[in-house]
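Chemist: Start from the sequences, fold in the hints, and give me the full structure.
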Amino acid sequence: GAVVSQHPSRVICKSGTSVKIECRSLDFQATTMFWYRQFPKQSLMLMATSNEGSKATYEQGVEKDKFLINHASLTLSTLTVTSAHPEDSSFYICSARAHSGTYEQYFGPGTRLTVT
Amino acid sequence: AQSVSQHNHHVILSEAASLELGCNYSYGGTVNLFWYVQYPGQHLQLLLKYFSGDPLVKGIKGFEAEFIKSKFSFNLRKPSVQWSDTAEYFCAVIFYNQGGKLIFGQGTELSVKP
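Listed in order, the protein sequences are those of chains A and B.
Under the working numbering, the first residue of the first sequence carries the number 1, and numbering increases by one thereafter.
Under the working numbering, the first residue of the second sequence carries the number 1001, and numbering increases by one thereafter.
Just so you know, these hints were derived from the structure itself, not from any lab.
Each hint should be verified, as a subset may be incorrect.
[Unchecked claim] Straight-line C-alpha distance at most 20 Å; calculated DMTMM-like pairs for lysine to aspartate or glutamate:
1. B:1101 - A:59
2. A:41 - B:1109
3. B:1058 - A:104
4. B:1101 - A:52
5. B:1049 - A:104
6. B:1101 - A:104
7. B:1069 - B:1054
Since the structure is predicted, the reported quantities are computational estimates derived from the model, not experimental observations.
Modeler: Structure below.
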């Protein structure tokens, strides 16, 4: 149980275009989902927290207009990287927290974005 | 803000050597503690977790960790490493006083020589 999927697993896009990444909780309802970013040889940095049906909360330094997050249902959150640039190339990982008594998060497999 | 610190950036061991990776967190009241592993080119996997109870936690692949509350530490151990343990290891902490936000340490790269 507690499986989280991400789609696509890899994406290459041209500079200036937008890319949407989906995060789904497959066997549980996730009231809260999180988006992380990981640069090569570095740790995971929390970008934003999204709660179903409300606006996402972004961490300091993360551009809200560039990284659009939507959490339209209890099983789906999306991250859209708008007007992507090469410096946005990174590994994007989502996690989901079940509607339960713990704060444990379940991680997706990640999406590798390359902007050319 | 709460933080998580991993002391070792890169550890190099020979097969069969014992492993201990340090992890400390800043004081923050109630916490949940995790160790994750990321093999080269792969996604994050949970090794073990601590929520409450016995402070010595056993995880997958022969790993264990001990929560020492007085030292704000959660060190990861394995008595005998294998070449296949070569990976990046992340300590992560949920701080309840930050709304359950999960904070990651910087990570420790483990290289095991065959």
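Chemist: Which hints from the list above does the structure break, by number from lowest to highest?
Modeler: none
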